[in-house]
Amino acid sequence: NAGVTQTPKFQVLKTGQSMTLQCAQDMNHEYMSWYRQDPGMGLRLIHYSVGAGITDQGEVPNGYNVSRSTTEDFPLRLLSAAPSQTSVYFCASSASLNEQFFGPGTRLTVL
Amino acid sequence: SQQGEEDPQALSIQEGENATMNCSYKTSINNLQWYRQNSGRGLVHLILIRSNEREKHSGRLRVTLDTSKKSSSLLITASRAADTASYFCATDASYNTDKLIFGTGTRLQVFP
Numbered sequence: 389n390a391g392v393t394q395t396p397k398f399q400v401l402k403t404g405q406s407m408t409l410q411c412a413q414d415m416n417h418e419y420m421s422w423y424r425q426d427p428g429m430g431l432r433l434i435h436y437s438v439g440a441g442i443t444d445q446g447e448v449p450n451g452y453n454v455s456r457s458t459t460e461d462f463p464l465r466l467l468s469a470a471p472s473q474t475s476v477y478f479c480a481s482s483a484s485l486n487e488q489f490f491g492p493g494t495r496l497t498v499l
Numbered sequence: 002s003q004q005g006e007e008d009p010q011a012l013s014i015q016e017g018e019n020a021t022m023n024c025s026y027k028t029s030i031n032n033l034q035w036y037r038q039n040s041g042r043g044l045v046h047l048i049l050i051r052s053n054e055r056e057k058h059s060g061r062l063r064v065t066l067d068t069s070k071k072s073s074s075l076l077i078t079a080s081r082a083a084d085t086a087s088y089f090c091a092t093d094a095s096y097n098t099d100k101l102i103f104g105t106g107t108r109l110q111v112f113p
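So the sequence lines, in the order shown, correspond to chains A and B.
Sequential numbering of the first sequence, starting at 389, is according to this note's numbering.
Sequential numbering of the second sequence, starting at 2, is according to this note's numbering.
Wrong hints could be hidden among the right ones.
[As the list claims (entries may be wrong)] Chain B is faced by these chain A residues, among others (derived, beta-carbon under 10 Å):
#, residue
1, P396
2, Q425
3, M429
4, L431
5, R432
6, V438
7, Y452
8, D461
9, P463
10, V476
11, S482
12, R495
[To be verified] Example chain B residues on the side facing chain A (calculated, C-beta under 8 Å, incomplete):
#, residue
13, G43
14, H46
15, F89
16, F112
[Said to hold, decoys possible] Pair ranges (Cβ atoms, derived):
#, chain 1, residue 1, chain 2, residue 2, range
17, B, Q15, A, N450, 21 to 29 Å
18, A, D461, B, Q15, 23 to 31 Å
19, B, T65, A, M407, 40 to 48 Å
20, A, A390, B, N39, 14 to 22 Å
Calculated directly from the structure, the hints in this document are not laboratory data.
Please read all numbers here as calculations on a predicted model, not as lab measurements.
In this text, a Cβ means the ideal position worked out from N, Cα and C, and glycines have one as well.
From just these sequences and the hints, can you work out the full model?
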């Protein structure tokens, strides 16, 4: 099993550009989540999904969109990148919320 | 705002010593979990304690939970240099069990 994979590992964007961070899992997990991690802030929940076709907002959803058309994939879209979105992004999946499996992260810099 | 706050923010100890980290949270919970993050990597699940449990052990880890004080502690006994990492608590609020909210973390440095 590959577990949770994220692409790309690194990305540099200019302000106003859009992009999609990819997340995929091969464990048939229903729960998937996106977090951002900033220095001194810990992890903050952006969006989450409890199954295909179901998504909901977390603590900091503004500026991000998600969709969940399959169980395996949960892409995160930045609509119009801003410097405040410079962060490390983690995707996680789990069968329930009792043990989340994390991907390796995507380091995003917005200039 | 974040559910959990860890204390201390940073902790430095020598190998062989015990390390204790604390987590406080704001709302009633079903479960509390602890995760570990090595520098530059994703988080790894360590242990889960349910709201009706007071103490749980896993190897060199001991977790306690005091729901009346809305707090938990993680004790790592006989620490090793390889324990150097950041440690996070995470809770699912009992009113919304679909979201897992993380605290701000404790950075542990274990010197050989």
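Satisfaction of the G43/B interface hint, Cβ to chain A closer than 8 Å:
Interface hint status for G43/B: holds (3 Å vs cutoff 8 Å).
Do the numbers back the hint for Q425/A, that is, is its least Cβ distance to chain B under 10 Å?
-> It holds, given that the least Cβ distance between Q425/A and chain B is near 9 Å, below 10 Å.
Restraint check, 10 Å cut-off on beta carbons, for M429/A near chain B: This interface hint holds because 7 Å falls under the 10 Å limit.
**Message:** Taking 40 to 48 Å as the stated bounds, is the beta-carbon spacing between T65/B and M407/A within them?
**Reply:** holds, 43 Å
Close enough to count: is the Cβ of D461/A nearer than 10 Å to one in chain B? violated, 18 Å
Let's test the interface hint: is any C-beta of chain B closer than 10 Å to that of V476/A? Check passed: Cβ of V476/A comes within 9 Å of chain B, closer than 10 Å.
* To do: Answer holds if the nearest beta-carbon of chain A is closer than 8 Å to that of F89/B; otherwise answer violated.
  => holds, 6 Å
Given a hinted range of 14 to 22 Å, is it respected by the beta-carbon distance of A390/A and N39/B? holds, 19 Å
message: Less than 8 Å between beta-carbons is the criterion; does H46/B satisfy it with respect to chain A?
response: Hint on H46/B: holds, closest Cβ of chain A at ~5 Å, below 8 Å.
Point to revise | Interface hint outcome for P396/A [beta carbon to chain B under 10 Å] | key: violated, 15 Å
Could one say that the CB atoms of Q15/B and N450/A fall in the range 21 to 29 Å? The hint (21 to 29 Å, Cβ to Cβ) is violated, given that Q15/B and N450/A are roughly 44 Å apart.
How about R495/A: closest beta carbon in chain B under 10 Å, or not? holds, 9 Å
This entry does not satisfy hints 1, 7, 8, 9, 16, 17 and 18, going by the numbered hints stated previously.
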